[in-house]
Amino acid sequence: MKKVLVLAAFALVSAVTYAGGYRVSLQGNKALAMGHTGVAVVNSSESVFFNPAALVYLEDKFSISAGVHGVFSNIAYQDSETGANARTDSPVGTPLYFYASYQATDWLAFGLGVYTPYGSSVEYEDDWAGSHLVNNIDLQAIYIQPTVSFKINDKLSVGGGPIYVTGSVNFNRNLNRTLTDLEGNRANVTVDASGVSNWGWVASAMVNLTDDLHIGATYRSEIILDAEDGDADFENVPNSPLTPFADTTFDASLPLPAEMTVGMSYDFCEKWTFAFDFNRTFWDVYESLDLDFANAEIPDSENARNYKNSSIYRFGMQYDVTKMFTLRAGYYFDESPVREGYFAPETPRNDSNNFTAGLTVNLGEHLQIDASFLYSHFKEVDASYNYYSENGVSVPFRGTYKTNAFVPGLGLTYKL
Amino acid sequence: MKNILKYTFAVLAVGLVSCDPEFDSPVTDDGFYSSGTADLSKYVSVGNSLTAGYADGALYITGQNNSYPNIMAQQFEFAGGGDFTQPLMNDNLGGLLLGGSQIAENRFVLAVDANGNPGPVRLDGMPTTDITNKLSGPFNNMGVPGAKSFHLVAPGYGNVGGILAGTANPYFARFASTESATVIGDAVAQNPTFFSLWIGNNDILSYATSGGTGVDQTGNLDPSSYGPEDITDPNVFASVYSQQVEALTAGGAKGVLVNIPEVTSIPYFTTVPTNAIPLDAATAAQLNAQFAAYNNQILPGLVGIGLITPEEAALRMINFSAGQNFPIMTDDDLTDITQILQGPPFNLPAQLATLLGQLRQVKSDDLIVLIASSELGTTPDPSNPQGVIGVSIPLRDGLVLSTTEQARVTAASTAYNATIQSLAGAKGLAFVDAKTALSRVANGGVSYDGGVLTSQFVTGGAFSLDGVHPTPRGYAYTANLIINAINDTYDASIPTVHIGNYATVTVTNN
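Heads up: the protein sequence lines correspond to chains A and B, in order. Residues 1 to 416 in my numbering are what the first sequence spells out, letter by letter. Residues 1001 to 1510 in my numbering are what the second sequence spells out, letter by letter.
In case anyone wonders, no lab produced these hints; they're calculated from the structure. A few of these clues could be false.
[To be verified] Between beta-carbon pairs, the in silico distance windows are:
1) S394/A <-> K1427/B: 54 to 60 Å
2) D382/A <-> L1221/B: 55 to 61 Å
3) P299/A <-> K1363/B: 24 to 30 Å
4) P299/A <-> S1224/B: 43 to 49 Å
5) P299/A <-> G1323/B: 37 to 43 Å
6) M260/A <-> Q1074/B: 49 to 55 Å
7) N1133/B <-> E287/A: 29 to 35 Å
8) D1030/B <-> D382/A: 21 to 27 Å
9) S394/A <-> D1030/B: 20 to 26 Å
[Unchecked claim] Chain B is nowhere near these chain A residues, computed Cβ spacing over 12 Å in every case:
10) Y57
11) Y102
12) L179
13) E183
14) V207
15) A217
16) R280
17) N295
18) S301
19) F378
Remember, it's a predicted structure, so these values are computed and weren't measured experimentally. All residues carry an ideal CB built from backbone N, CA and C; glycine is no exception.
With the rest of the complex left out, here is chain A (with noise of 0.2 Å):
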């Protein structure tokens, strides 16, 4: 447990953000290494997150899979009819996953996994174009999960668990395009709440039609994260009654949206898998940002988002090359939730081809290094936010965005 907390605390200094709105697929290099398939995969504790229910189809008594990725994201913007530009520097996230699995009986493992599905950090400059709609933003969910799986016949197994969420979110943004105080500079607001906590669930079965034919099943529960009491801290506003902005405290809700995944494996010619999922994420949920200020002189700030489900189809190959190799490759088409519209700079987010590989070194009987990589491609995309309002005027921020993340990951497997 204690390192559950060291592994915690690391994660909160890293920060992510890649794929479809803020969800970020970096849930363990073997799988990402595929395609970050693994709803229908046996091959390791990454299983805690991908089909609890394999976990009781692992070999080993006791397997612990942990690793970092290293994100680099990159959002450049530009407007062709003012020439207005920008590029993102966002620092490079590092989401870390850990899980351990436990083969209690021969049809009784227990798992434990600690991993970071949603995030996001971007960093625009200061006062860019959009700066009315972010400078820039540091969103973490921290997800802590024990499991169990159970067999219930050699065809059928079933598991799930309790998630515990702990999420934190920092953002700041101009108040305006234009509100400065005496000296030019921006009026602008950084919102930040921490420990902000909520409890959901996990559940999943497994199908083994063959014993090379795989089929599963997992759904994650929505957790919306309730922050009460954040802190709202507003700067460079004038000092007069029409700018009545003094800091203060707020609510806000941030839904973590539910995800179905079923997918298939298939082992083939001794030393070959094939692998398919297909993610279903709920975005619906997520129809507005609102922050509810404390102080009622200040105007509560609504933004819409009216994010769509989305989904994700994903392929990935297996090779075990030698009794020490083990090559990955993979695939999967990302598609955005965000409708035409609702395009906002802190998750610019169009479809995406992702391309992946990875491979796994066998250093003795009890230990792996894993490796993957990944290549995320957006297409340029001309896009705007049609929500923004000024003195009851709807103000669009148009322009063209071009994004693309990297993000090679080493981790290591280590099994009784």
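Mind docking chain B on chain A? Use the hints.
Below, chain B alone, put in the same frame as chain A:
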């Protein structure tokens, strides 16, 4: 094995940091925007307070940062433009010191009074810009607040020693290259490849803002004999203006000329209504009784002896009624009858004769200036509640720009504008019709991405709290007008700005 992996990972990670996303055609690439046949590498702007970025009754740093030349220069950078420097003030208060004593007031800000009403007040604080501190130039922005057309070619206009005598300008004194330098000489010495020239506004504006108390100098070709509130002779304007254009184009520079807007486009003249005096029926009747002799005996009498025309008599009639009324005023274009009234047959006492000497009521097409709002309807002598300005005490001549005075302003500015436009045509320079553009703002407004830009005082967005000079948003609108004219004339594609990104009035309480 472990080390190999580690190094591979490290090398990979370092390589990745540089993998920035690239647009198919980045706006920052050479050639995305074009300066066409113009060369923007050295831009020099020449003009008056508008060019300097003056706003809210003062020149201050954030105002200068939002001057139209500075906004344009930032957009020029996308099309080969170079650095653009400005003679920045020392602070955001805006007042001026001369050897430690204050000679110009701080800026206005919008403050809320004890009753919750917002209004312009001067910002508190001791200014720190002492004009005896010489800046080391040259500066691309040669806008000099207060300059009239002929000042730009006047040697010694930047001589600190001439400021108190009124022969020099405190703003130019800060950065004139020598004591005998001219504004145009210092501009040309920078060898600009591109210039903007917007001058002539003050040649009519100081006359207009002073309610026409100056002299229309049309016909007088010697500007050294002009007072500060006089209208410049159009031939003098044409002569100095063409000198300036010659000088600026001598080295082959391309440029843009901007014409002079109408004074009726600015809130300084359109905010105070002409019929600002509310009266009930009893008071109106009482006042009419007091003016009955003036209306029915004196004025017909003066017509009878041929001293005034029947038209002037009609203009001078005073009549109040229940509701909103036009204030009484002194009009120095009326025949002065003070002395006549003191003699027979009228034999009025001197005080009353003086009151009636050049008296009439404001007409609906007169313009009452903005600063009259602090005088109109007040009782300057607390011991005499009957002495109300506009009712029993006439508005000063300097607070009303009469139709006669407006006609002088229009005649002069029309002549200036003819000169400007014909020179632009003759020299192949870009021309901006600021007059038409500003009258659009004043009449219905101009839509932008966040509302409608109008000339409404305080709330319209285009004009700062002095009622004369634009806000940053008004300057951004101006910059777009000029950029569009440059694009048209020189086949260029310089990007414009979103004017909604530029601020309007600054709110703050002292």
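Hints versus structure:
no. : hint                           : result
1   : S394/A <-> K1427/B: 54 to 60 Å : violated (44 Å)
2   : D382/A <-> L1221/B: 55 to 61 Å : holds (59 Å)
3   : P299/A <-> K1363/B: 24 to 30 Å : violated (45 Å)
4   : P299/A <-> S1224/B: 43 to 49 Å : violated (58 Å)
5   : P299/A <-> G1323/B: 37 to 43 Å : holds (40 Å)
6   : M260/A <-> Q1074/B: 49 to 55 Å : holds (50 Å)
7   : N1133/B <-> E287/A: 29 to 35 Å : violated (58 Å)
8   : D1030/B <-> D382/A: 21 to 27 Å : holds (23 Å)
9   : S394/A <-> D1030/B: 20 to 26 Å : violated (35 Å)
10  : Y57                            : holds (29 Å)
11  : Y102                           : holds (27 Å)
12  : L179                           : violated (7 Å)
13  : E183                           : violated (5 Å)
14  : V207                           : holds (36 Å)
15  : A217                           : holds (34 Å)
16  : R280                           : holds (28 Å)
17  : N295                           : holds (18 Å)
18  : S301                           : holds (17 Å)
19  : F378                           : violated (8 Å)
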